[in-house]
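Protein chains: 2
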Amino acid sequence: MSATHRRIVLASRPAAEPSVDNFRLETVPVPTAGPGEVLVRNHYLSLDPYMRGRMSTAKSYAPPQPLDEVMIGGTVGEVVASNHPGFKPGDAVAGFGGWQEYSVVGAAGLPMLQKVDTRQVPLSAYLGPVGMPGITAWFGLSKIIEPKPGETVVVSAAAGAVGSVVGQLARSRGCRAVGIAGGRDKCDYVVKELGFDACIDYKAAADAAALDALLADAVPNGIDGYFENVGGITLDVVLNRMNAFGRIAVCGMIAGYNGEPVPIRNPTVILRSRLKMQGFIVFENPAIVPWAISELSAQVASGRLKYRETIAQGLENAPEAFLGLLKGRNLGKQLVRLV
Amino acid sequence: MSATHRRIVLASRPAAEPSVDNFRLETVPVPTAGPGEVLVRNHYLSLDPYMRGRMSTAKSYAPPQPLDEVMIGGTVGEVVASNHPGFKPGDAVAGFGGWQEYSVVGAAGLPMLQKVDTRQVPLSAYLGPVGMPGITAWFGLSKIIEPKPGETVVVSAAAGAVGSVVGQLARSRGCRAVGIAGGRDKCDYVVKELGFDACIDYKAAADAAALDALLADAVPNGIDGYFENVGGITLDVVLNRMNAFGRIAVCGMIAGYNGEPVPIRNPTVILRSRLKMQGFIVFENPAIVPWAISELSAQVASGRLKYRETIAQGLENAPEAFLGLLKGRNLGKQLVRLV
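Keeping their order, the protein sequence lines are chains A and B.
For the record, in the first sequence the residue sitting at position 198 is 198 according to our numbering, with numbers rising by one throughout.
For the record, in the second sequence the residue sitting at position 52 is 52 according to our numbering, with numbers rising by one throughout.
If we strip away everything but chain A, and leave its shape as in the complex, we get (with noise of 0.2 Å):
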């Protein structure tokens, strides 16, 4: 093929907030399937907080993001041609594409290309709700908060692709669910259209105390699973209301990810309330991946999971997108549609 297509590679490494500056956008001619590989044509690059993490050199559970290499990222699409038996032009399947439009699928990327169904569960849903942050939201909440009917269970970053559906499973399990979340706006989605018990808008309060008392009436019995996005404040304040024996699954701490540690600021209370506090990583848990499918997928299809996107259409605007998730501007899922 001599048609080209277009990839964003990171340019350099953010000192502390990141810039549009820190990615490039290329043109290159689209590559071609060698011997036993597929290539993709991707119709959506999800945006993820992780990605914030790998632009960095620090120490992390992955390696960074290489210079002048494509960005990382998952992606869905289409197989538009196959030198691999267990794939067809056509099939529709998920993957980690990066930031490009199309990409070749070799030797080290096939055990993480899935084909997937899209009967019932529309093709960008892999990328959300079925996808990794719906796994994530599973995973937490199944093995490490464990919920028992009419336990307390909060959430915070509760609008987002995690914690939208934290909350729905937690309702589904005979849990209250509580969210905690930026604006006015958001809290009216997470509770008027996911249906969780409340939502605490934490921009309404003006510094710790006002955030408690906002959370004290959200959670009349007390929390005992915290559903952990964001860290900083808001976990301060959550975990001083805690039930005995509380489980918090740490699952994001995007207050840090500048580069300014946020302090937990009374640890003791993970003592005096016998705590666990866990974090994971989804990755490292692929057993649970199929059964966090099936349910996932099962209620999506019947309209019972809902879940919003915000699209940015055409890679070229991926950066700003990225950007403005970091700071919280999205509702849902953000996705760059790339077709």
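It should be emphasised that the hints constitute simulated quantities derived from the structure, not laboratory data.
Bear in mind that the values here come from a model prediction, so they are computed numbers and not experimental data.
Wrong hints could be hidden among the right ones.
Copies of one chain are not kept apart here, so a pair can be met inside one copy or by any two copies together.
[Said to hold, decoys possible] Here are the simulated SDA-like cross-link-like pairs (lysine to any residue), alpha carbons at most 20 Å apart as the crow flies:
#, residue 1, residue 2
1, K276, A62
2, K306, I293
3, K276, A244
4, K192, S172
5, K276, D21
6, K327, P122
Dock chain B against chain A, hints included.
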């Protein structure tokens, strides 16, 4: 009986650091055993950090110690009169007689009054390695850290009643045991007498970076399990050297007992290293006690599990000994001999 005995009550609550003025020594008639009750002469009183928490009205897992009542505390002693069929004069017992020379145990206290076997294990050991401190060590290590052979386990306050057992049990499970303690003498004791693989003198480190350098030398393969007795800077430094999937048993945070919360400075490591951090109170897990006692008493009887005691003589010296305990002046279990 018209004889008198002595007791110590809580006279006032400390604003910050407690002092001997918070306690009052009283001489009162020796109580008598009513129907169904048992009169015990207490031979040893146990002094423990948790008592500091009970002196305050701050929210805790247990109600505060009432003013003008006998300070709570674990004791071992001998039954001197009994109107209960389960006990007879001369029985060696462990219980919660409090800071006093005699105590009457009635319906409320009888479930916690245990006859103990002093043929192979000394009476005072039931307040140390075979008592609450030993059981605490056993629980946190066996049920939260769950160490595998070859792993590295670190424990703070390693020369103390709990820490000394944690490290020796970790060694007996095939682990590398590393202590953290204050002062060269304590570290020598931990390594040469208790058999830990290494011990770090935190007082020899001018700051967190210096402490980290000492720790780095002692844990060449990182840290898989941490038994936390102190909190503060030590916890921060240890957290940064935890291996992926490390487990932290939070047993004490003595650094925060005087009212100033001590933050965890970089909690994102909980996510980065997928750590589990769990607080626990040993009293809440009665089912494990027989298992713990069985292993601990066998190891004490055989001489394999070593321990030391710091013994103050006479009830009148209990307050001063307690303040010394909070400052780490004791080596091993702090007791008061009452006979």
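Evaluation of the provided hints:
no. : hint        : in the structure
1   : K276 x A62  : between (24 Å within a copy, 19 Å between copies)
2   : K306 x I293 : within (15 Å within a copy, 53 Å between copies)
3   : K276 x A244 : both (10 Å within a copy, 17 Å between copies)
4   : K192 x S172 : within (16 Å within a copy, 57 Å between copies)
5   : K276 x D21  : neither (41 Å within a copy, 37 Å between copies)
6   : K327 x P122 : neither (27 Å within a copy, 63 Å between copies)
Checked against the numbered hints above, the structure breaks hints 5, 6 and satisfies the rest.
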